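Chains A and B, in that order, are what the protein sequence lines are.
Numbered according to this note's numbering, the first sequence terminates at residue 399, and the numbering increases by one at each position without gaps.
Numbered according to this note's numbering, the second sequence terminates at residue 681, and the numbering increases by one at each position without gaps.
Treat each hint with caution, since some may be false.
Claimed, not checked - Here are the computed distance ranges between Cβ atoms for each label pair: (1) A/A263 x B/R579: 23 to 33 Å; (2) B/P150 x A/G366: 51 to 61 Å; (3) A/A263 x B/A482: 52 to 62 Å; (4) B/E31 x A/A263: 24 to 34 Å; (5) B/A32 x A/K266: 13 to 23 Å; (6) A/K266 x B/D349: 32 to 42 Å; (7) A/K266 x B/M625: 51 to 61 Å; (8) A/A263 x B/N100: 29 to 39 Å.
Just so you know, the hints here were simulated from the structure itself, not pulled from any lab data.
These figures come from a predicted structure and were not determined experimentally.
Glycine included, each C-beta is placed from N, C-alpha and C at the ideal position.
Below are the chains, spelled out letter by letter.
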Amino acid sequence: MSATTTQAPVGAATDSAGAAFEPVMIGFTCNWCSYRAADLAGTARIKYPPNVRLIRLMCSGRLDPAFVLKAFAGGADGVMVSGCWPGECHYIEQNIKALRRFVLLRRVIEAMGIEPARLQLVWASAAEGQRFAHEVGRIVEEVRALGPLGWGRDGARPHESIAAVSTAAGPAAVPAEVTA
Amino acid sequence: MSSAQERIGVYVCHCGSNIAATVDVEAVSEWAGEELADRGVVIARNDKFMCSSSGQEVVEKDIAELGLTRVVVAACSPHMHEKTFRGACARAGLNPYLCELVSIREQVSWVHTDREAATAKAKAVIAGGVLRVAEQVPLEPLRVPIHPATLVVGGGIAGISAALEIADAGFAVHLVERQPSIGGHMAQFDKTFPTLDCAACILTPRMVEAGMHKNITLHTWSEVTDVKGYVGNFTVTIKERARYINAELCTGCGICQEKCPIRVQDNVFEAGLGFRKVAYLPFPQAVPKYPVIDGPNCTYFEKGTCKACEKFCPTDAIDFTQVDKDVVVEVGNIVLATGFELFDARRIEQYGYGRLPNVFTSLEFERMSNAAGPTNGRIVLRDGVTEPKTVGIVHCVGSRDRNYNAYCSAICCMQSLKFAHLVGEHTDATIYNFYIDIRAGGKAYDEFYQRVLEEGTIFVRGRVAEVTDTLRLPAEAADEGRLMIQVEDTLAGKQRRIPVDMVVLSAGLEPPADAKETARLFGISCSSDGWVIERHPKLDPVATMTDGVFAAGCALGPRDIPASVSNGAAAAARILGRIQQKEMALEPVRASVDEARCSGCRICNDLCPYNAIIFHADRMVTEVNPALCQGCGTCIPACPAGAISGTGFSDAQILSQIEGLLMVSASGQLREVVPA
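Chain B on its own, in the form it takes in the complex (with noise of 0.2 Å):
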């Protein structure tokens, strides 16, 4: 065994009180020197804080005085520090790769609470690093090149910012949009609180930028179908969707959607209080200026006939013959702002949106509001033309609600304040506001909700019970008509039953419907509400577990636009980094297979599903390319011959740790370890 030549360094750090009130980290430290020195420990110390400079620097000084050979720290997650201390080792002359972290913090003291039991496992896990350590070789990181083009996935107010970001700096983008026009959901607002900027003002001009920038190629109507590669590399396919106009004919004249004689309900844009044609733009800042005809609904694919749109066209540029097409790409990094879709209050039957005409989402209220939406920014009821004397606004519509979700959706609270100033602006209505609590912790947020309250709005503190048009009252008749909101008023501790004529539902953000394809597609990870799990929530926000995916905006979870549009540049901020080096360090975790052992037999060859293993016919052998490898090590076991070693998860590691692990009783103790 080779674990007697080396000469390996114990790090038990304390982490404060972290691991120190639940392990007893002196013990545990002075065992790892007493009964693992026949294991080649040399030295076992610990440490407060071992990734304070000062406990590294004990780290690289014993490295550089006792000739250690291995070292192995017990803290927190590798997931953690793992960098830090490969870090200290590389420093001090010893290949970063025989180090090796074990994890004492959230496996063992954050998650027990018996001392002794705690103690004991955290002896048994540093038993198994030890043994594990000794078999490490000394490898050297995989240095892959950054393919210094980007993709960027969602055209809203995040992905914007990232391409721009990016582009900006000089390097090529794909953005790639679903909708006809980039934009997303700002796009769609009439003003942004607090400042009440207006949201066209703002995002209009950074779209046209985006449209026009010399670095980015818009990909709109269209969409992601495969993801081939890995961090530097990857090849994308993007389907983009027929449009049925020639982009390098087309003006932009709108002639088009003019002439077209069918309307439908535009339930994306105007969020279904509005019409669109079938041939359109969604409205009339899109970028970019190509409308596109919506197969599905045109007669001309329905029937046969109708062409207006050929007919009236200065240019010539209506092409019913497009097909869609799929367009390969390679980037080295991609960005997901894939964004949000609002909860669908329907779902809350008691609230009555969709049975109760006036009864509007906050999107409908959004598309009201704006002056260019269906109603020319008139806050009117369903009819079209009563102006409401009474609006109640209800928070937390399918948010903080562990019958739907559980999670607050962050910027209804401050959406709700601008309602109610929105309503207070364009009306001379009563205005009330039902609330569980006002979250407003932004820059100048709690400003804007004292300056509400001073407008006069009502807040009614608890969550709405119900919104009918049924009276129950005599004291009601009154109201024949119009809508009754009943509510808890925690704060006055009665039951209220309030008349208004105008609901407001602020419903929550969900994660997009098909967020777990998306998931899988760019195989990364999604928490069970379906927002994308970064890598670390606190100091890794914006990358994904997956080297080479970063996410912005909403796809991470409900965030207002300033939070979206800082994601967006932090991901461009990452990979302009890793675009400037041209090429990066990968973890050399591959398998390699020994050819003097391989019989042919290719047991392994449809395991991979990277296509990695290549058979060589004429020599009967097969091989793992590098470069394809992502060190899954699924081939390894299934060979019957033991020709497949993976390197940083060798059979040898694995085996020796399990030895280790198992040398400490339940209770503590060492056990006379079973010659393997």
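This is chain A alone, in the form it adopts within the complex (with noise of 0.2 Å):
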């Protein structure tokens, strides 16, 4: 697949106006807890860096691989995980579920040659915007150091794989095994 760039990626090392390498990353937030976290920072106009764009699904649960393969075949340079506390998912224990997919996804992407830390998972409680805004900004600092990931953009890393794995397959390309 050779995806053209017409335009700066987002995750080269300086955009087309020369400043500092800005890592753009995707969030998933859960409904009942991180997303809430979110609001409640905001709510209080607790200040965090800008790079993360969230994406709210009713549970960390819900939180397909291939969501996460496909955030960085699309240009993001980290994607954050975010959910109720263990013990205290809306939904029970699917939060549990999310952190064995996380475990072993992250396995996957170092296999796949990104560096695990482009994947963070952090619990935050509707009551933590405070804890929510300084996750963020504590990952954002981390993959800002690892610098642009730029997978599927410039071809400085062996997108291919990944590309198929998120596209074309679908939910189906995930092991069956790391989800059950």
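Both chains come to you apart, so use the hints to assemble them.
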């Protein structure tokens, strides 16, 4: 797959304006705890870096590993997964299933040549706006230090395999043992 | 891609200056109109307040005139106004689930400072919404029947109020209370601020009313042990502990209590200040009137003999063969009114509670000043006879203190003022109040403060450093045997040592020790302090995040009696509305299995905590029961065949949203999207 980029890739070391590297990240939050933590951070006007763009799922258990791979393939430099604390899941224990998938997915991305630290898991209760903001800041800095992933952009990395995984096969691409 | 055929309207809100101060709203809406035109955007507008009726009318008009098939509103959190804009779409004839609200306020303008970066993020968030909404499909809300009965957990004044409101409207209530009697903390008090109403006089009629009400089933000496189901249809298991008293036969005469030979310290109702029998009613006006026999302390259970109560009971109501029993009830809604516990003043060692006998807690003082309490209402030192000549009342014990609880316990100022008044009423003592600030914000509260000031109570502004019985200065020799309060008088600007005979610690309010377990049991969230989190702190203060579970009174945080009563009534009003509708609409977020693609591998079968996934062995396929499914979506990614899909949060929607979010670089430039 040859992606033609006519404009600056998200993950380029400098964009066309020549500014310093600003990672672009996707954050998956659950409807009940972490998305509300993000809302609370907002209501309390707690500041954090603007690099993470959030997607609301009903539960962190909904996170399909393919979503993460799609984000990396689409140019994200990092992905944050966030849910309720273990034992506090709105759906009783589904965040534990997210945890299992997360642990395996980190190995999978590592095997693909992506630094595991580009995929991060944060537990945040609906009361933890401060923690949410702090963790976003921490993760952004970690990913910034890793530099751009640039996958699927400029051929710097063997992006064919990941693109194939995330798009052609869809959710079925993830081995059953990862999710079961 | 379907987006080409969709006609999408994008509406960007200024929210006054809430969004516009940080995000260039006009540039964003102009950008969306131009750059997202090939993704189906036919109109992009911005408005000062999209949620205003004129803002909503714009959306409605565009749907009608431009034939919009999808709507994206970029404004506040969907938890705030999703309903509003879905309503606008519905009024204009568009399926409300074809509207997507993306947050550029809570998640952009309020948390970022760099205008350029915030504007770039707002563009990305809108692009995500536009691509996602194109994949949305029209949905119909799920309608679930509402069981007309309600469970109220906690029989304090908040729970009683909720139960009575619902019962008076003609619907069944199960009122569960852990203690032998309903009444809660209010039953322990003597007077209530600021009116000095006798607590028992105003509470006990409500207790009796609840106890006698044909629609209220009391489950006292009971606890909820299991909750299954969802809004409208909860199945609740209540463990009714053995009372060893046959309620059918008991007349409440009290002879068992009188004849029981064992006395134990009453750490619950009398706050440790008094004693009770092992066969006991916590207080004379208890509801229900049946006593309980406290098994672990009972001689019969310990040694196999005694049975004094059984011998003397005139109606043969004593039944030592009783065992705990589980009662299962069906309810449609739940009110949690689980109240508070007093901060354990022993934790602040320098105040000497538990070590210095004449240091009392507020609850001990409440019992002492109560005419029906252990001292018959006399304010006396721990020896039970000596009246104090000087009393020091210490505010903010365990509250407004980052070592213990950072929050204000809300009631302690008024409670301390009440104590000052009561000490003055019962004794000739000199009274000191040691306070940080006086918080007397309620109706007629400040007037009460003025009254207590005029009564001659001395107010010293400063946090007490120490309460000690060790004398330090030669001049203190005369105060041998008294207590010394060391405090910085911040108004006089000096350290003071004030000798007193009695110290009352106005201890703060804390969530019950098992608040976290309670939250888990009912599937709700608690703040880090342990108080129940409201659905919205201002606009939805008695609902929780979990549909069908409401909260009232101090379960939500420290509050006074009027607020607790209002909470109970408010929760009842919310529930009654639902009961009267007989059914309610739920978000149609559910998983479903495409049987044609299901291989019957059963990988998903064990993933559902609600047992909503059923395997049909005959057909070798799995099915999701939509009545049990809660829509978490965990089973969807688990399916190796991709046979499970989820409405509202489908793979197509989320994958498209990811694509959209990544369309914009950190500096706000449009990137060529990699063909997916």
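| task | Report the numbers of all earlier hints that the structure fails to satisfy, in ascending order. | result | Violated hints: none; all satisfied.
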